[in-house]
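Novice: Sequence:
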Amino acid sequence: MSRIFVPSALTAAILSASVVSATAATTVLDGNSSASLPVVVVTASKTPEAIEQVPARISVIDEQIIQQSPVADLPHLLQREAALNIVQTGGYGQQTSIFTRGTESDHTLVLKDGVRTNTGSISAANINLFDLSDVSRIEVLKGPASVQYGSDAIGGVIQLISEAPKKQKLFSTIEGGELDTYKAIVGADLVQDDAYVQVRGQRLETAGSPVTDAPTAKDADYDQKGYSIKAGIDNEQFGASAQLQENKGNVRYNPSLSGNQDFLNRLINLKGNYNISADFKVNARYSQFRDELNQRTSKSFFDTETNEGDLSAQWDFLPAQNLLFGVTDRKTEVDSVYYNNKDLKTTGYYLQHQYQADGLSTQAGVRVEDDDKYGTHTVGQLAGRFQLAPQTSVYANIGSAFKAPTANELYYLSSYTYNGVTYITLGNPDLKPEESLSYELGIDQNIKQGLDVYLSAYQTKVKNLIDYVSGFPSPISTYENVSKAKFTGGEAGLKWKQDNWFASTEYAYVKAENETTHTELTRRPRQTATLTAGWDNNVYGISASLVAKSRAKEYSANNPTPGFMTANLSGFYQYNPNVRVFANIQNIGDNTYKTALYNDFPSAEYYIAGPRQATAGITLSY
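Per mature numbering (1 follows the signal peptide of the UniProt record, and there is no 0): the sequence shown = residues -24 to -1, 1 to 598.
Be aware that one or more of the hints could be misleading.
[Stated by the list, open to error] Taking lysine-lysine and the DSS-like style, the derived pairs with C-alpha atoms no more than 25 Å apart in a straight line are:
(1) Lys460 <-> Lys437
(2) Lys349 <-> Lys318
(3) Lys408 <-> Lys462
(4) Lys462 <-> Lys529
(5) Lys349 <-> Lys307
(6) Lys408 <-> Lys439
No lab work stands behind these hints: they were computed from the structure. From a predicted model like this one, the values you see are computed outputs, not experimental measurements.
Work the whole structure out from these sequences, hints included.
Specialist: Shown next as structure tokens:
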């Protein structure tokens, strides 16, 4: 039976107010629907540009979607992106992998306000442990971006952005419901002339749900608490900001709950910019991101701290052309029970040219990475979008990218003894970076009556993939650059907005193949479809969304992960400028679908998604 945190009468009342009122959409979907204001993005080129000029496929999850359900985590929000396969090994707080366009789970770079959050130990971000209370939009870039950001950006980049407040506001939000779940947020936005201060505090607790479909699996509880503070000044001449954010808590993560870990992620971000002239701007950033995972039931731990400095300049040397050039210096310190206090140091030098005029937008760039471990590595990009007609544009994008070896792959050392034989796993300090080359073509077409359609096709080839290589019959195993992979696919989408009605749908296909063994890669469903539809008049609204995926191969050939379909429903009512009530139902059909194979002996056991979760909440603003 479902457990309710808030009184069921309150849930019913808010749902009634939201749904019966004839209601509707929570947001402008993916930032691409016909909105009154142009959508400006920064992730594709590290500079602000209109989304329709970007020579790549990029989408936006906006603030209204994020705020519709404070208890919704980042993996849940990213499911709306058909090009991403989000594999979460259970519900709240459980380990999550991102497969962007079929690429590896460590081939997607995750940024927070320009700060790298991928850890040095595994080169992936622990997005299941992130809080979104201060996030105003999420940009999702598909395709390579190593010219701009260096390592890990082979499949794409996800950037969480917290914008500076524009007006004064005090608010408090609480949402609660099934699975004994609640989240409370308090916040303040203070603005005086060019200066601002933004403060957030939050707490989330949930009893969770079983991690696997084993009959004896127990509910895996999760709790977190944290804060964020951002202060700055911004005017036409210069800008400066300081940001501090921390989120910490505890999560249980296996069927018997014997796995129990404390976590902490902390971000410090100092930024400044100065307009030397109308045509020349200098940007500087220093950041530190700390990620800690500490087991309560064993001595295992992984602590990562990344310190990064970036200095760049943008020169608008002609009315329609600009150059961006800069240097990024990064030092990552990793400490673990499997190796002590290892450093990863790298410096990247990048140059990018943009042209935007006469219906043509181009982006060309090169980056030279100088790494302490593997030496010098160079990547490049050439992309362009052309307006064929007032309602039609096409784009092409070719780019190379790379992923540097992780601390685990370089330095890992562990052993166990079985039948009197000691088996050892060793890191390999001689590893080379994984390298990729991607090609992409796309078209966007605006049709009358608020209808937009788009189509993209791509292929990415990766070589020097790092694999774990068993030394059997030798007892020593290690990591080596042994594999090649190819990812071929495309996306097709449709977006419609008419008056207060809106709808969007997207279909994605990808074939992910290991070219060394000529086998399909695991946990990459070939087909994904998403659908969102609703109605919104800014006073009340309702929206429904659906995600469907085909089956995916697993490490056990006889036990693939089955395909699934899940649906969600959201509604809100803006009672007055100071009071907003809302309600959400995740997984309406109460379908605890399988997300990945847990083990296959003596019988197949799968990780499963959480059950239906109905929640309701209220926001009071002053």
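Novice: Now tell me if each hint is right for this structure.
Specialist: Taking the hints in turn, this is what the structure says about them:
Distance restraint check for Lys460 and Lys437: the Cα-Cα separation of roughly 7 Å lies within the 25 Å cut-off, and the hinted pair is therefore satisfied. The straight-line distance between the Cα atoms of Lys349 and Lys318 is roughly 12 Å, inside the 25 Å bound, and the hint therefore holds. Between Lys408 and Lys462, the direct Cα distance comes to roughly 19 Å. Compliance with the 25 Å bound is thereby established for this hinted pair. Of the pairs offered as hints, the one joining Lys462 and Lys529 holds, with about 16 Å between alpha carbons and a cut-off of 25 Å not exceeded.
Taking the CA atoms of Lys349 and Lys307, the gap is about 12 Å. The hint holds against a cut of 25 Å. The suggested pairing of Lys408 with Lys439 holds, with an alpha-carbon distance near 10 Å, which does not exceed 25 Å.
Checked against the numbered hints given earlier, the structure satisfies every one of them.
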